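2 protein chains.
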Amino acid sequence: MTAAAWNHHDRRRELAGSSVIDELVASAVGHATTFEAPLRTPRPARRVAVVACMDARLDLFGILGLQPGDAHLIRNAGGVATDDVIRSLTISQRKLGTREIILVHHTDCGMLTFTEDDLRLELLEETGTKPSWAVETFTDLDLDVRSSVQRVRQSPFVPYRDHVRGFVYDVDTGALREIA
Amino acid sequence: MTAAAWNHHDRRRELAGSSVIDELVASAVGHATTFEAPLRTPRPARRVAVVACMDARLDLFGILGLQPGDAHLIRNAGGVATDDVIRSLTISQRKLGTREIILVHHTDCGMLTFTEDDLRLELLEETGTKPSWAVETFTDLDLDVRSSVQRVRQSPFVPYRDHVRGFVYDVDTGALREIA
Numbered sequence: 009m010t011a012a013a014w015n016h017h018d019r020r021r022e023l024a025g026s027s028v029i030d031e032l033v034a035s036a037v038g039h040a041t042t043f044e045a046p047l048r049t050p051r052p053a054r055r056v057a058v059v060a061c062m063d064a065r066l067d068l069f070g071i072l073g074l075q076p077g078d079a080h081l082i083r084n085a086g087g088v089a090t091d092d093v094i095r096s097l098t099i100s101q102r103k104l105g106t107r108e109i110i111l112v113h114h115t116d117c118g119m120l121t122f123t124e125d126d127l128r129l130e131l132l133e134e135t136g137t138k139p140s141w142a143v144e145t146f147t148d149l150d151l152d153v154r155s156s157v158q159r160v161r162q163s164p165f166v167p168y169r170d171h172v173r174g175f176v177y178d179v180d181t182g183a184l185r186e187i188a
Numbered sequence: 009m010t011a012a013a014w015n016h017h018d019r020r021r022e023l024a025g026s027s028v029i030d031e032l033v034a035s036a037v038g039h040a041t042t043f044e045a046p047l048r049t050p051r052p053a054r055r056v057a058v059v060a061c062m063d064a065r066l067d068l069f070g071i072l073g074l075q076p077g078d079a080h081l082i083r084n085a086g087g088v089a090t091d092d093v094i095r096s097l098t099i100s101q102r103k104l105g106t107r108e109i110i111l112v113h114h115t116d117c118g119m120l121t122f123t124e125d126d127l128r129l130e131l132l133e134e135t136g137t138k139p140s141w142a143v144e145t146f147t148d149l150d151l152d153v154r155s156s157v158q159r160v161r162q163s164p165f166v167p168y169r170d171h172v173r174g175f176v177y178d179v180d181t182g183a184l185r186e187i188a
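So the sequences go chain by chain: A and B.
Count along the first sequence from 1, add 8, and you get the number used in the numbering used here.
Count along the second sequence from 1, add 8, and you get the number used in the numbering used here.
So here's chain A without its partners, still in its complex pose:
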């Protein structure tokens, strides 16, 4: 859909008092109707966990050639290896059998467009309180991939760390470049 068509769509939705979520739920009804082959195990078939940015342009199935059932997908703002990512990886390996970890940051990331200080100040001024968490912005994409890979490799809670590799996905060319 073009941007203009979307704006028109947005306007009609707002006038109707409905939301995008209503549309997603309607899609889910269609999905259930044609649902055929349930996957019977929570253990990923290819025993790999992917840690990536939440960015809307990253279709990890398409990029990495994954099928449903293949891999754990862990995603947050930036694809940064935060404590919550370490938590998810710990559970992924210890309880659900994964053995390898691939980290994916990407070009044109939103996390490159503002600073830690900016957002912390914005939150303080608007809400009267600062978050207890780090915003985790970065200025150097490659360096942040290395930092995330290091955080995973240094975590004692993640037992399998021989195959932990970090990449940058180029949203303009579709290419994946290995960093660490």
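Hints were generated in silico from the structure; no laboratory data involved.
Hints should not be assumed to be uniformly reliable.
Because identical chains cannot be distinguished in the list, a pair is counted as satisfied if it fits within a single copy or across any two copies.
[To be verified] Straight-line alpha carbon distances no greater than 16 Å define the calculated EDC-like cross-link-like pairs of lysine to aspartate or glutamate that follow:
hint, residue 1, residue 2
1, 138, 124
2, 138, 126
3, 138, 148
4, 103, 130
5, 103, 148
6, 103, 134
7, 138, 125
8, 138, 31
9, 103, 124
10, 138, 30
11, 103, 30
Remember, it's a predicted structure, so these values are computed and weren't measured experimentally.
Place chain B on chain A using the hints.
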């Protein structure tokens, strides 16, 4: 591929000294070769953020009728609204224009199969240290969806909280059930 075929595949890979990540990277080369239409903005077209479990069976594009470019996808063990999810949602809404949030837990979740105490003890015994983070296991799926929805609705850092809705996806039937 069948389980037996996969085991054979695993054995051959191990003998060759290669890894699943090598296979994913090979897929990425193919992806780049056929890559045609770059999406030019980090702002999700449908202005929605999805918070879901990392489970390999959840194909959120298929379930929710999403296209690349439509939505932020935030995923962790359980789909629980941790501080890192609040961080991602804060950035998603304040810096990248999303306005609605859908949370998705699912049946047969790994997080239902062990307890907070079990994993904390396992980590303490094996590594000599306990994690500073909560494991975030749960025993009641619906209750945990409600808890996650509440955490988001109560966060002052997330400015748009009128459309925050929580669901359970049934991995056996493909149906999405609204909880909160």
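**Same-copy or cross-copy closeness of residue 138 to residue 124 [CA-CA at most 16 Å]** = Cα proximity of residue 138 and residue 124: one copy only (12 Å, versus 29 Å across).
**Prompt:** Are the CA atoms of residue 103 and residue 134 at most 16 Å apart within a copy, between copies, both, or neither?
**Reply:** between (41 Å within a copy, 14 Å between copies)
**Message:** Treating 16 Å as the Cα threshold, decide for residue 103 and residue 148: within, between, both or neither.
**Reply:** Answer is neither; intra-copy 34 Å and inter-copy 19 Å both fail.
**Asked** Under a CA distance limit of 16 Å, which applies to residue 103 and residue 124: within one copy, between copies, both, or neither?
**Response** between (34 Å within a copy, 12 Å between copies)
**Message:** I want to check one pair: residue 138 and residue 148. Are their C-alpha atoms no more than 16 Å apart within a copy, between two copies, both, or neither?
**Reply:** neither (25 Å within a copy, 32 Å between copies)
**Asked** Checking residue 138 and residue 30: alpha-carbon separation at most 16 Å within a copy, between copies, both or neither?
**Response** Neither: 33 Å inside a copy, 42 Å across copies.
**Asked** Is it within, between, both or neither when you check residue 138 against residue 126 at 16 Å Cα-Cα?
**Response** Result: close within a single copy only, 12 Å intra versus 33 Å inter.
**Item:** Within, between, both or neither: residue 138, residue 125 at alpha-carbon 16 Å
**Value:** Within one copy only: 11 Å inside, 31 Å across.
**Request:** Check residue 103 against residue 130 for me: Cα-Cα at most 16 Å, and say if that holds within a copy, between copies, both or neither.
**Result:** Between copies only: 11 Å across, 39 Å inside.
**Message:** With identical chains, the pair residue 103 and residue 30 could be close in the same copy or across copies; at 16 Å between alpha carbons, which is it: within, between, both, or neither?
**Reply:** Classified as neither; 34 Å inside a copy, 24 Å across copies.
**Asked** How would you label the pair residue 138, residue 31 (within, between, both, or neither) given a Cα cut-off of 16 Å?
**Response** Classified as neither; 35 Å inside a copy, 43 Å across copies.
Consistency note: the structure conflicts with the earlier hints numbered 3, 5, 8, 10, 11.
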